[in-house]
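Residue numbers (this note's numbering): 113 to 816.
Calculated directly from the structure, the hints in this document are not laboratory data. It cannot be assumed that every hint is accurate.
Quick list of in silico lysine to any residue cross-link-like pairs, SDA-like style, CA-CA up to 25 angstroms [what the hints assert, rightly or not]:
#	residue 1	residue 2
1	317	256
2	461	443
3	572	465
4	778	756
5	182	258
6	458	497
7	559	543
8	254	410
9	317	354
10	461	580
11	187	151
12	638	553
13	367	443
14	317	410
15	503	256
16	704	781
17	421	348
18	415	444
19	553	177
20	778	689
21	553	443
22	573	689
23	553	573
24	454	302
25	580	650
26	367	714
27	753	689
28	502	364
29	743	756
30	559	223
31	367	666
32	386	258
33	254	233
34	638	613
35	185	233
36	461	447
37	704	649
38	619	544
39	559	541
Just so we're clear, the structure is a prediction, and the values are computed from it rather than from any experiment.
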Amino acid sequence: MWRLKIGEGGNDPYLQSTNNFLGRQTWEFDPNAGTDEERAEVEEARLNFYNNRFNVQPSSDLLWRLQFLKEKKMKQTIPQPKIEDGEEVTHEATTAAVNRSVHLFSALQSIHGHWPAENSGPMFFSAPLVMSLYITGHLNTKFSSEYRKEILRYIYCHQNEDGGWGLYIGGHSTMFCTALNYICMRLLGVGPDGGLNNACERGRKWILDRGGVTTISSWGKTWLSILGVYEWSGCQPMPPEFWLFPSYFPIHPAKMFCYCRLTYMPMSYLYGRKFVGPITPLISQLREELHIEPYNEIDWSTKRHLCAKEDLYYPHTRLQILLWDSLYIVSEPLLNCWPFNKLREKALKITMDLIHYEDESSQYITIGCVEKPLCMLACWVEDPNGIHFKKHLSRVDDYVWVGEDGIKMQSFGSQVWDASFILQALLASNLSNEIGPTLMKGHNFLKNSQVRDNPPGDFKKMFRHISKGSWTFSNRDHGWQLSDCTAESLKCCLYFSMMAPEMVGEKMEREHVYDAVNVLLSLQSKNGGFSAWEPAGGGFWWEWLNPVEFLEDIVKEHEYVECSSASIQALVLFNKLYPGHREQEIESCIRKAAKYIEDMQYPDGSWYGNWGVCFFYGTWFALSGLKAVGKNFKNCLAIRKGVDFLLKTQREDGGWGESHLSCPKKVYTPIEGKESNLVNTAQALMGLIISGQVCFTFNCLFIL
């Protein structure tokens, strides 16, 4: 059986940690673990998921929950309240529901004080990791047969009925994800016509019916070139020489959104090297299977601008095409000839130095799962036996997650983010006296997960922002500051500071609180909004250079309603508890942030949410932020409009339900069918309660 391990890693000489691996989550297969009954329970969960995969695409994350509840010998003793149509929602029923939830979440807490959870969904995460391990010759040593079986299970579970795979689970099939998952199956040992329900044959048919993989989007072209089933001459240029420009240069990568910058970094290194993995017999077979023309007869230069219509969400601009063509026709030939190739060698060395810096700063976790296999592969290209590559291998397990739908690669862990919200929910239950040990463990986890130092050395020279005092999305080792994670965690610690230390532990040191506030203040933009990772920079025209056809607004950092709201709430609470510390600066910051939130409201009264689905999520955050600064239904037009949006979108069954299609369409889109969604209903209810609007039917509580 698969078992989730917490905090392991101290015996690996290639692992390092800033806080003794607090919150680290890794999965291990133990063939002797579990009883017959437990194994049968897991198999039943897997079978149920597969049989219902087209109705419910996300997993319920059952494997670790079953494990934890068995280990804790947890039994739910509080009866579940049942409310029939037409019955009144009583105080007793809602109290029982809250008690059941608090009882359950206390049992699901880890020994480190956080709550494990899956953080995935995109269908292009796992395949590049498998490709990287295959190229370096470590696929079978890193992923045993049990790992490979579960990776394949995940691919099979999320194949669409048309044979392809979507950008995310449940999404329409795309060339990018269909090609990657097809290749992943083949690298894992599945035959060209094999796989569950002929998965490979169906996937290949989907690809060939649309002209083969030459129409794959830009990231796909890069990975296929690295693997050897596409040619670099069919890719858009990614010159590493941009890293040689002074940072004040208008298009220096330092001005990019951090994820864009750190994806381009290893890609530019591998592009500059024109690295191609070993051409094994399997790679030769893939060259035949994925193209409609003979591989050696393809005119690669004509394929650079191709992109399948299924992948195309953000078309390239004329400016971008002009820039690419200029680099392709003029710069690239020069930089590969003497004496200009000396400049390329210098650029590659600087790029590799930057990669090593980012690896060390994140304890080789890297900033995320897209960058992880690229940085790991770059280190292997530099030195296959080097310590940098070995340290990368030891951190692969940080990204692996096992559910009833198989093994998937996470974007990274969500330990801090989840813990901060769960703790706020537990505090709001008014049951603190009954769950003191749970609160204390959670409080200690947050305090010890706070980042205590800035990135090493001259971090500004390495294009990094301050991180001392922040919280990451996952754990301290990850190292990347986030405004909303910092704000939500700071709020928790401030709440705990008002409670008896005998129950929840000693409050956070004043200096560490000040450090957190300093990070938040540093992330506010001139327009009043708060960015997420780094201060927003670069002109609006940066987005004209977006190279990724299936993603939008990824080239420069932006401000976000959710980050602004969370920061407002934390700073308002801080001002009450620590009057006098940068008080006027904080009050001015709060006013500007509130104005930003009001300015970002849609005409229908909603707010667009970037980090959740979507308008209910954004509206809940916006209303929470406005309420924190003293605004309410009576004195704020924005709140009244927000309430009007929520009331107008309530469904016949009393709940709320929003389709994920609201995100790409940027227009509120209800879910199909008559039933509401639990999460959206909770978000809408919280928004209405926060706004002070109580004149609505309580039928919505039936959903909860």
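**Prompt:** Going straight from one Cα to the other, do residue 317 and residue 354 come out at no more than 25 angstroms?
**Reply:** violated, 40 angstroms
**Request:** Quickly compare the C-alpha distance for residue 367 and residue 714 to 25 angstroms and report which way the hint goes.
**Result:** violated, 29 angstroms
**Prompt:** Would the pair residue 367 and residue 443 pass a check requiring their Cα atoms to be no farther apart than 25 angstroms?
**Reply:** Holds: residue 367 and residue 443 sit about 22 angstroms apart, inside 25 angstroms.
**Message:** Given the hinted pair residue 704 and residue 649, is their Cα-Cα distance within 25 angstroms?
**Reply:** holds, 18 angstroms
**Prompt:** Within a Cα-Cα threshold of 25 angstroms, do residue 572 and residue 465 meet the stated pairing?
**Reply:** holds, 15 angstroms
**Prompt:** Has the given pair, residue 619 with residue 544, been kept, meaning a C-alpha gap of at most 25 angstroms?
**Reply:** holds, 16 angstroms
**Message:** Need the status of pair residue 421, residue 348: alpha-carbon distance at most 25 angstroms?
**Reply:** Between residue 421 and residue 348 the Cα gap is close to 18 angstroms, so the pair holds against 25 angstroms.
**Satisfaction of hint between residue 689 and residue 753, Cα-Cα up to 25 angstroms** = violated, 32 angstroms
**Request:** Verify the proposed pairing of residue 553 with residue 573, using a straight-line Cα cut of 25 angstroms.
**Result:** With Cα atoms ~38 angstroms apart, residue 553 and residue 573 exceed 25 angstroms; violated.
**Restraint status (C-alpha distance of residue 317 to residue 256 at most 25 angstroms)** = violated, 29 angstroms
**Asked** Regarding the pair residue 704 and residue 781, is the alpha-carbon distance no greater than 25 angstroms?
**Response** Given that 25 angstroms is the threshold and the Cα spacing comes to 30 angstroms, the pair is violated.
**Prompt:** Holds or violated: are the alpha carbons of residue 559 and residue 541 at most 25 angstroms from each other?
**Reply:** holds, 22 angstroms
Hint violations for this structure: numbers 1, 8, 9, 10, 12, 16, 20, 21, 22, 23, 24, 26, 27, 28, 32, 34, 35, all remaining hints satisfied.
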